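Visitor: Sequence:
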Amino acid sequence: LVNEAALMATRRRSETVDMQDFTQAIERIVAGLEKRNRLLNPKEREIVAYHEMGHAIVSMSLPGTDEVHKVSIIPRGVGSLGYTIQRPTEDRFLMTREELENKIAVLMGGRAAEYLVFGHFSTGAADDLAKATDIARSMVARYGMDPDLGSVTYDSDRTTFLGQNGASTYFERRYSEATAAQLDRAVKQIIADVFERTVSILNSRRDELDHTAHALLEQETLDAETLRRLIAKSDAIEATPTA
Numbered sequence: 001l002v003n004e005a006a007l008m009a010t011r012r013r014s015e016t017v018d019m020q021d022f023t024q025a026i027e028r029i030v031a032g033l034e035k036r037n038r039l040l041n042p043k044e045r046e047i048v049a050y051h052e053m054g055h056a057i058v059s060m061s062l063p064g065t066d067e068v069h070k071v072s073i074i075p076r077g078v079g080s081l082g083y084t085i086q087r088p089t090e091d092r093f094l095m096t097r098e099e100l101e102n103k104i105a106v107l108m109g110g111r112a113a114e115y116l117v118f119g120h121f122s123t124g125a126a127d128d129l130a131k132a133t134d135i136a137r138s139m140v141a142r143y144g145m146d147p148d149l150g151s152v153t154y155d156s157d158r159t160t161f162l163g164q165n166g167a168s169t170y171f172e173r174r175y176s177e178a179t180a181a182q183l184d185r186a187v188k189q190i191i192a193d194v195f196e197r198t199v200s201i202l203n204s205r206r207d208e209l210d211h212t213a214h215a216l217l218e219q220e221t222l223d224a225e226t227l228r229r230l231i232a233k234s235d236a237i238e239a240t241p242t243a
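Quick note: the sequence shown, position 242, residue 242 per our numbering, numbers continuous.
Please keep in mind that the hints were generated in silico from the structure rather than gathered at the bench.
One should not assume that every hint holds.
Listed next, the in silico BS3-like pairs over lysine-lysine satisfying Cα-Cα at most 30 Å (straight line) [said to hold, decoys possible]:
id: 1; residue 1: K233; residue 2: K43
id: 2; residue 1: K103; residue 2: K188
id: 3; residue 1: K43; residue 2: K131
id: 4; residue 1: K188; residue 2: K131
id: 5; residue 1: K131; residue 2: K103
id: 6; residue 1: K43; residue 2: K103
id: 7; residue 1: K103; residue 2: K233
Here are the simulated distance ranges between beta carbons [claimed, not checked]:
id: 8; residue 1: D207; residue 2: N41; range: 21 to 29 Å
id: 9; residue 1: S176; residue 2: A232; range: 53 to 61 Å
id: 10; residue 1: D207; residue 2: H120; range: 15 to 23 Å
id: 11; residue 1: V2; residue 2: R38; range: 24 to 32 Å
id: 12; residue 1: D235; residue 2: Q189; range: 27 to 35 Å
id: 13; residue 1: P147; residue 2: A6; range: 46 to 54 Å
id: 14; residue 1: R92; residue 2: D193; range: 18 to 26 Å
id: 15; residue 1: M19; residue 2: D235; range: 26 to 34 Å
id: 16; residue 1: P88; residue 2: R11; range: 25 to 33 Å
id: 17; residue 1: F118; residue 2: Y175; range: 36 to 44 Å
id: 18; residue 1: D235; residue 2: A178; range: 45 to 53 Å
id: 19; residue 1: A180; residue 2: S204; range: 32 to 40 Å
id: 20; residue 1: E90; residue 2: P147; range: 23 to 31 Å
The model shown is predicted, which means the values in this text are computed figures rather than measured ones.
We treat Cβ as the ideally placed atom computed from N, Cα and C, and that holds for glycine.
Can you make the complete structure from the sequences, with help from the hints?
Guide: What follows is the structure in structure tokens.
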């Protein structure tokens, strides 16, 4: 991070490394290089704007989620058409089921926004779906958070022991096909329930979603302060009585 920040400072011909250099370095490490030559058509830009604001609005609506630092529709990296950067407000070592479900909700926020606004899904949520599924599967297969499956771990990574030669031995899964199917159903149910709740959150904050998505289309990047100001303005407009 420090080396990347130093390179940023060098590019702007500065003799010192400032906070802006660290901020840009974090964005480059997390999201990749800017790809301004990756031109999207107007409809795709609109979908990406709503997708990213879906992540941000859901994150700002739920307790225990990482703070939204920046939202952008400037393409970065290999396949990212936009990004939402979050920063933790404190070190966390333990998480409850509710907190894990909230993390899934933030991941599903982009897909939920697309569904709510456009009535269909795009391929832009592929990475979000993979991460959400991994969390849900860990909840039921590793952390024992499914009431039907019980306080049991089914994670094959845990089935190790030291053999006679001192080497670790790994086993294949030791549960039935019926249990595997039950695990799959539990994962799907978590994702489905959280997605439904996420759509409900965005629907209740639709004015904020529209207002911030339109601003993102115009400005391409919104920082945390600008985002809070836009949401406050949207709330004020919504609360203004009409004649």
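Visitor: Each hint: holds or not?
Guide: Hint check results:
1. Our distance criterion of 30 Å between C-alpha atoms is met by K233 and K43, whose separation comes to about 26 Å.
2. Restraint check for K103 and K188: the C-alpha separation of about 16 Å stays at or below 30 Å, so the hint holds.
3. For a cut-off of 30 Å, the pair hint linking K43 to K131 stands: about 26 Å separates their Cα positions.
4. Annotation: proposed proximity of K188 to K131 holds, straight-line Cα distance about 13 Å (limit 30 Å).
5. With a C-alpha separation of about 10 Å, the suggested pairing of K131 with K103 holds against the 30 Å cut-off.
6. Under the criterion of a C-alpha separation no larger than 30 Å, the hint pairing K43 with K103 is consistent with the structure, at around 28 Å.
7. Between K103 and K233, the direct Cα distance comes to roughly 27 Å. Compliance with the 30 Å bound is thereby established for this hinted pair.
8. Checked against the hint of 21 to 29 Å, the C-beta distance between D207 and N41 comes to roughly 26 Å, which is consistent with it.
9. One distance hint, 53 to 61 Å for the beta-carbon pair S176 and A232, holds here, with the actual separation near 54 Å.
10. Restraint check, D207 to H120: a C-beta distance of roughly 22 Å satisfies the suggested window 15 to 23 Å.
11. Under the hint 24 to 32 Å, the C-beta atoms of V2 and R38, about 29 Å apart, fit the expected range.
12. For the pair D235 and Q189, the beta carbons lie near 34 Å from each other, so the given range of 27 to 35 Å is met.
13. Against the hinted window of 46 to 54 Å, the Cβ-Cβ separation of P147 and A6 comes to about 52 Å, which satisfies the hint.
14. Range check, R92 to D193: Cβ separation about 23 Å, and the 18 to 26 Å hint holds.
15. Between M19 and D235 the CB atoms are about 30 Å apart, so this pair conforms to the stated range of 26 to 34 Å.
16. In this structure, P88 and R11 meet the distance hint of 25 to 33 Å, their C-beta atoms being roughly 28 Å apart.
17. In this structure the supplied range 36 to 44 Å holds for F118 paired with Y175, their Cβ-Cβ distance being about 40 Å.
18. Roughly 50 Å separates the CB atoms of D235 and A178, a value that falls within the hinted 45 to 53 Å.
19. Hint check: A180 to S204, Cβ distance near 37 Å, so the stated range 32 to 40 Å holds.
20. Between E90 and P147 the beta carbons are some 30 Å apart, a value that agrees with the proposed interval 23 to 31 Å.
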